[in-house]
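Protein chains: 2
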Amino acid sequence: MYVILVYDVNVARVAKVLKIARKYLHWVQNSVLEGELTEATFRKLKHELGQVIDVKEDSVLFYVLGNQRYTTRELLGVKKGGEEWIW
Amino acid sequence: MYVILVYDVNVARVAKVLKIARKYLHWVQNSVLEGELTEATFRKLKHELGQVIDVKEDSVLFYVLGNQRYTTRELLGVKKGGEEWIW
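Sequences listed follow chains A and B, in order.
Counted from 1, the first sequence has number 21 at position 21 by this note's numbering; the numbering is strictly sequential.
Counted from 1, the second sequence has number 71 at position 71 by this note's numbering; the numbering is strictly sequential.
Fair warning: there could be bad hints in the mix.
[Stated by the list, open to error] So the derived label-pair ranges between C-beta atoms look like this:
hint	chain 1	residue 1	chain 2	residue 2	range
1	A	Val55	B	Lys46	19 to 25 Å
2	B	Lys80	A	Val52	15 to 21 Å
3	B	Arg73	A	His26	31 to 37 Å
4	B	Val52	A	His47	37 to 43 Å
5	B	Glu36	A	Ala15	34 to 40 Å
6	B	Glu48	A	Thr38	25 to 31 Å
7	B	Arg43	A	Val78	36 to 42 Å
8	B	Glu48	A	Lys46	16 to 22 Å
9	A	Thr38	B	Glu57	23 to 29 Å
10	B	Glu57	A	Arg73	27 to 33 Å
11	A	Arg43	B	His26	36 to 42 Å
12	B	Arg13	A	Ala15	21 to 27 Å
[Stated by the list, open to error] Straight-line C-alpha distance at most 25 Å; calculated SDA-like pairs for lysine to any residue:
hint	chain 1	residue 1	chain 2	residue 2
13	B	Lys16	B	Lys79
14	B	Lys79	A	Tyr24
15	B	Lys79	B	Arg43
16	A	Lys19	A	Tyr70
17	B	Lys80	A	Leu18
18	B	Lys16	A	Asn30
19	A	Lys80	A	Val64
20	A	Lys80	B	Val52
21	A	Lys16	B	Ile20
22	A	Lys46	B	Ile20
Simulated from the structure, these hints should not be mistaken for lab results.
Please read these numbers as outputs of a predicted model, since none were measured by experiment.
Note that the Cβ used here is the ideal one computed from N, Cα and C, for glycine as well.
Just chain A, with the same shape it has in the complex:
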């Protein structure tokens, strides 16, 4: 499954969230990471993030694309992520 992660967390926790998320996904732009995950790695990612965020204040949103074929991505402006997007 292809996962798009978008986070909106307290600045004090951004570094921790980013460090965890980058183990599994590649950085696309501020507060956005993407990548192909198995069910197991997706569970691990959610578990690890759950340990560091404040669930009453922070928000981490996952869009899980069952089938990438139906999703296209368009960019306006500069491409920030270093990694090539694997579409």
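Given chain A's structure and the hints, the job is docking chain B onto it.
Same frame as chain A, but now just chain B:
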């Protein structure tokens, strides 16, 4: 088509980008908006945003879901957007 917009723009331009984006989409969390658009309104949104961002510095990413059926959304933490998500 269902569109997820994620912006990473200079703080000086966030208010303008948000004002435009909110005309077409509903706010989900910081730097993320979503909503159902026609081709025409999607073109208008991109055109208007193109007038206010600095394409050499800012980045606005659109994920266009041709078919929402293949996409699920999961939230970790607090739900920030006010509008109910129309899935």
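So, going through the hints one by one against the coordinates:
As the Cβ distance of Val55 of chain A to Lys46 of chain B is approximately 35 Å, the hint placing it in 19 to 25 Å is violated. Take Lys80 of chain B and Val52 of chain A: their Cβ atoms lie about 18 Å apart, and the range 15 to 21 Å holds. Checking the proposed 31 to 37 Å range against Arg73 of chain B and His26 of chain A shows it is violated: the Cβ atoms sit about 20 Å from each other. A beta carbon spacing of about 40 Å between Val52 of chain B and His47 of chain A agrees with the range 37 to 43 Å that was offered as a hint.
Between Glu36 of chain B and Ala15 of chain A the beta carbon distance is about 35 Å. The supplied range of 34 to 40 Å therefore holds. Taken as a hint, the range 25 to 31 Å is violated for the pair Glu48 of chain B and Thr38 of chain A, whose Cβ atoms sit roughly 40 Å apart. For Arg43 of chain B and Val78 of chain A, the hinted distance range of 36 to 42 Å is not satisfied, since their beta carbons lie about 21 Å from each other. For Glu48 of chain B and Lys46 of chain A, the hinted distance range of 16 to 22 Å is not satisfied, since their beta carbons lie about 36 Å from each other.
Look at Thr38 of chain A against Glu57 of chain B: about 36 Å separates their beta carbons, and that is not inside 23 to 29 Å. As the Cβ distance of Glu57 of chain B to Arg73 of chain A is approximately 20 Å, the hint placing it in 27 to 33 Å is violated. A C-beta distance of roughly 29 Å is found between Arg43 of chain A and His26 of chain B, which places it outside the suggested range of 36 to 42 Å. Remark: the range hint 21 to 27 Å for Arg13 of chain B to Ala15 of chain A is upheld by a beta-carbon distance near 25 Å.
A C-alpha spacing of about 24 Å is found between Lys16 of chain B and Lys79 of chain B, which places the hinted pair at or below 25 Å, so the restraint holds. For the given pair, Lys79 of chain B sits about 23 Å from Tyr24 of chain A by alpha-carbon distance, which is consistent with the 25 Å threshold. Among the hinted pairs, Lys79 of chain B with Arg43 of chain B is inconsistent with the structure: their alpha-carbon atoms are about 29 Å apart, more than 25 Å. Note on Lys19 of chain A and Tyr70 of chain A: the hinted pairing is violated, with a Cα-Cα distance of about 30 Å set against a maximum of 25 Å.
With a C-alpha separation of about 20 Å, the suggested pair Lys80 of chain B and Leu18 of chain A falls inside the 25 Å cut-off, and the hint holds. A distance of roughly 18 Å separates the Cα atoms of Lys16 of chain B and Asn30 of chain A; the hinted pair therefore holds under the 25 Å criterion. A hinted pair counts as satisfied when its Cα atoms are at most 25 Å apart, and Lys80 of chain A with Val64 of chain A qualifies at roughly 22 Å. Pair hint Lys80 of chain A plus Val52 of chain B holds up; C-alpha atoms about 18 Å apart against a cutoff of 25 Å.
A C-alpha spacing of about 32 Å is found between Lys16 of chain A and Ile20 of chain B, which places the hinted pair above 25 Å, so the restraint is violated. A hinted pair counts as satisfied when its Cα atoms are at most 25 Å apart, and Lys46 of chain A with Ile20 of chain B does not qualify at roughly 33 Å.
The structure shown violates the earlier hints numbered 1, 3, 6, 7, 8, 9, 10, 11, 15, 16, 21, 22.
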